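2 protein chains.
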Amino acid sequence: MRWEGLLQSYKDFLPITENTPMLTLNEGNTPLIRLDNLSRDWGIDLYVKTEGANPTGSFKDRGMVMAVAKAKEAGSEAIICASTGNTSAAAAAYAARSGLRCIVVIPEGKIAMGKLAQAVMYGAEVVSIEGNFDQALSMVRKISETEAVTLVNSVNPYRLEGQKTAAFEICDQLGGKAPDILSLPVGNAGNISAYWKGFKEYHQAKQTGLPKMHGFEAEGAAAIVHNRVFENPETVATAIRIGNPASWDLAVNAAKESQGKIDEVSDEEILCMYRKLASSEGIFAEPASCASLAGVYKQLRNGEIKHQTKVVAVLTGNGLKDPNTAIDASPVQPVKLPNDEQAVAAHIKGVVHV
Amino acid sequence: MRWEGLLQSYKDFLPITENTPMLTLNEGNTPLIRLDNLSRDWGIDLYVKTEGANPTGSFKDRGMVMAVAKAKEAGSEAIICASTGNTSAAAAAYAARSGLRCIVVIPEGKIAMGKLAQAVMYGAEVVSIEGNFDQALSMVRKISETEAVTLVNSVNPYRLEGQKTAAFEICDQLGGKAPDILSLPVGNAGNISAYWKGFKEYHQAKQTGLPKMHGFEAEGAAAIVHNRVFENPETVATAIRIGNPASWDLAVNAAKESQGKIDEVSDEEILCMYRKLASSEGIFAEPASCASLAGVYKQLRNGEIKHQTKVVAVLTGNGLKDPNTAIDASPVQPVKLPNDEQAVAAHIKGVVHV
Chain A
0 MRWEGLLQSY KDFLPITENT PMLTLNEGNT PLIRLDNLSR DWGIDLYVKT
50 EGANPTGSFK DRGMVMAVAK AKEAGSEAII CASTGNTSAA AAAYAARSGL
100 RCIVVIPEGK IAMGKLAQAV MYGAEVVSIE GNFDQALSMV RKISETEAVT
150 LVNSVNPYRL EGQKTAAFEI CDQLGGKAPD ILSLPVGNAG NISAYWKGFK
200 EYHQAKQTGL PKMHGFEAEG AAAIVHNRVF ENPETVATAI RIGNPASWDL
250 AVNAAKESQG KIDEVSDEEI LCMYRKLASS EGIFAEPASC ASLAGVYKQL
300 RNGEIKHQTK VVAVLTGNGL KDPNTAIDAS PVQPVKLPND EQAVAAHIKG
350 VVHV
Chain B
0 MRWEGLLQSY KDFLPITENT PMLTLNEGNT PLIRLDNLSR DWGIDLYVKT
50 EGANPTGSFK DRGMVMAVAK AKEAGSEAII CASTGNTSAA AAAYAARSGL
100 RCIVVIPEGK IAMGKLAQAV MYGAEVVSIE GNFDQALSMV RKISETEAVT
150 LVNSVNPYRL EGQKTAAFEI CDQLGGKAPD ILSLPVGNAG NISAYWKGFK
200 EYHQAKQTGL PKMHGFEAEG AAAIVHNRVF ENPETVATAI RIGNPASWDL
250 AVNAAKESQG KIDEVSDEEI LCMYRKLASS EGIFAEPASC ASLAGVYKQL
300 RNGEIKHQTK VVAVLTGNGL KDPNTAIDAS PVQPVKLPND EQAVAAHIKG
350 VVHV
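If you're matching them up, the sequences are chains A and B in order. In this text, residue positions in the first sequence follow numbering that gives the first Met the number 0: the first is 0, and each later residue adds one. In this text, residue positions in the second sequence follow numbering that gives the first Met the number 0: the first is 0, and each later residue adds one.
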């Protein structure tokens with residue numbers, strides 16, 4: 000039968016009333032893929048949760064469907080968010096689906112092209128400001144206090160409620176049991192908090208066990224790891240280029256309660272894993288997503304993750320969100336040849352024999 | 000439980016032996032989404048099959064998993080294809096997953112950026128030739144006859160075997176019954192042929208009924224409609240920019256047998272529906288995909304599709320494949336403002352009151 004989306008599938012675990020519209024773009028139900036090649040090479044049992052298969056290409060759809068449904072239920076006619084890209088795409092899509100106006104405030108520059116394309120296609124009103132993400136977030140918070148618009152950034156509590164459903168799915172996909180370790184990228188820190196909430200609730204209802212939560216910030220935006228705000232965060236992983244995470248305390252708590260850890264990885268480690276995941280497993284995730292796998296690899300080498308462990312790494316977004324980084328990061332570029340069979344055949348053999 | 004991909008899920012309907020590797024990137028199981036807003040506006044019961052949710056972002060994954068599994072089974076060490084993009088992405092991904100070499104020959108220029116990014120990231124060897132798609136296809140056919148490489152274009156019969164599974168899923172998702180009309184874009188014409196084969200086989204096994212097959216070419220590449228090869232096909236819908244379809248006869252037969260039709264739509268109609276789908280339903284598909292919906296709308300207006308009909312339109316690829324077209328086609332572009340709350344608030348109200 001047809002998958003009916005998160006609100007319908009997990010309504011018993013969500014803040015849904017008889018007046019909540021059952022909004023959906025059939026988000027959720029994303030594949031959990033076993034990485035056979037990396038599992039063998041690394042000596043662990045490794046899976047990825049491919050959140051890029053969601054309708055707008057990232058995990059943000061899970062929280063946004065809940066937040067927009069509640070905004071609609073409350074009679075709101077407009078939503079607003081600050082975003083480095085993925086949030087704006089999700090907000091704009093669900094606003095379009097439910098007939099709400101959507102205003103997106105983005106920091107100028109360094110927004111991945113695919114994400115900007117999405118927001119404008121879904122009909123959002125996009126405002127680019129001369130400032131970074133943290134300044135954009137501060138601005139929309141203030142505007143939502145004085146204007147008739149609902150804030151749908153992750154400070155909106157319904158966002159985390161929707162996002163926690165990914166933890167439910169992972170337990171279901173692993174046969175009713177949580178993995179040993181859940182690894183994920185940390186930017187604004189809402190997702191790690193939501194996953195932890197989800198694992199705890201599902202364990203209470205279904206005795207699924209609890210994973211250790213391992214979150215990874217990019218070195219140039221590692222506020223939680225270094226316990227200080229990064230005024231000018233910098234990383235190739237634009238989706239986690241955030242210097243003052245909104246859910247800072249929740250994330251620290253998730254790591255502590257679960258006996259996990261918030262750690263950091265370098266851009267080099269992220270890009271290395273970005274290429275490796277695509278070329279050895281056929282999975283193309285956006286750079287920020289690969290912080291989760293880069294972190295697992297780092298902690299395997301330094302002994303913080305043991306062999307035979309069952310690890311699920313969350314790939315938060317689709318690689319197609321950011322084609323420019325892919326082309327820049329690729330070691331092999333296309334070769335131009337004339338329309339001549341001999342030339343092409345010779346080239347192919349040449350590559351073999353070199 | 001975990002969806003295990005097409006080969007496992009539909010093995011009774013596929014050419015699988017005990018020696019076929021159960022290759023998968025968890026392709027298939029893509030959402031069937033009801034278009035509530037367009038259904039109401041158009042007076043039909045309209046669904047889209049969102050094939051962009053597949054692992055590489057298009058329907059090509061269905062055929063490629065089968066073709067690459069069979070190449071592996073046969074002991075092949077390399078695959079080759081000509082491609083305007085989606086085929087190359089799928090071929091490269093499954094080759095990476097199964098440890099095969101992948102050679103992709105692309106016509107120069109007009110390849111959507113996301114698709115090229117995928118092929119290089121997955122580690123394919125990409126050769127760009129001075130010619131169009133039809134010339135590239137002709138070349139790889141010849142090369143596969145003399146060199147030790149397996150051709151995985153849709154002339155490889157396993158491709159259509161894998162692709163037919165989308166018809167099975169649609170019947171399952173509609174409660175065991177085929178829709179009245181199946182609408183889809185027509186480029187190389189393999190997909191319409193595969194769907195028709197799938198519907199017939201599933202009907203024979205499970206009495207699901209048969210839909211009318213409505214296929215739509217782009218006007219600038221409408222070989223089947225005009226019954227002549229288009230030497231220099233031109234359309235914004237790059238994925239169906241093909242002037243001499245490989246599965247021409249099969250497509251004509253599918254339309255005839257099902258009492259359907261192969262028809263054409265203009266670039267303007269395609270782009271109009273591309274924007275409408277995103278802004279009124281929150282679904283972002285690549286331009287070629289929207290030929291299916293543009294065709295439905297055209298035939299509704301001229302009376303060839305009746306009110307109350309149950310129609311499934313296939314959205315063959317993810318909109319993120321082609322971000323440049325999205326940005327070019329968007330009526331509303333981002334507005335640049337200073338980092339000043341007052342200025343942004345005023346702008347928002349201004350947009351409301353204009």
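Please keep in mind that the hints were generated in silico from the structure rather than gathered at the bench. None of the values given here were measured: they were computed from a predicted structure. Ideal Cβ placement from N, Cα and C applies to all residues, glycine included. Possibly wrong hints are sitting among the right ones.
To spell it out: a stretch of chain A is covered by chain B in this simulated footprint if at least three of its residues, at any positions, have a beta carbon under 8 Å from a beta carbon of chain B; those stretches are [claimed, not checked]:
hint	segment
1	223-230
2	276-284
3	315-327
Confirm or reject the coverage of the segment 315-327 of chain A by chain B under the rule of 3 or more residues with a beta carbon closer than 8 Å to the chain's beta carbons. holds (count 8)
Examine the segment 223-230 of chain A for residues whose CB is less than 8 Å from any CB of chain B, and state whether their number is three or more. violated (count 0)
Closer than 8 Å, Cβ to Cβ, for at least three residues: run that test on the segment 276-284 of chain A against chain B and report holds or violated. holds (count 7)
Violated hint: 1 only; the structure is consistent with all others.
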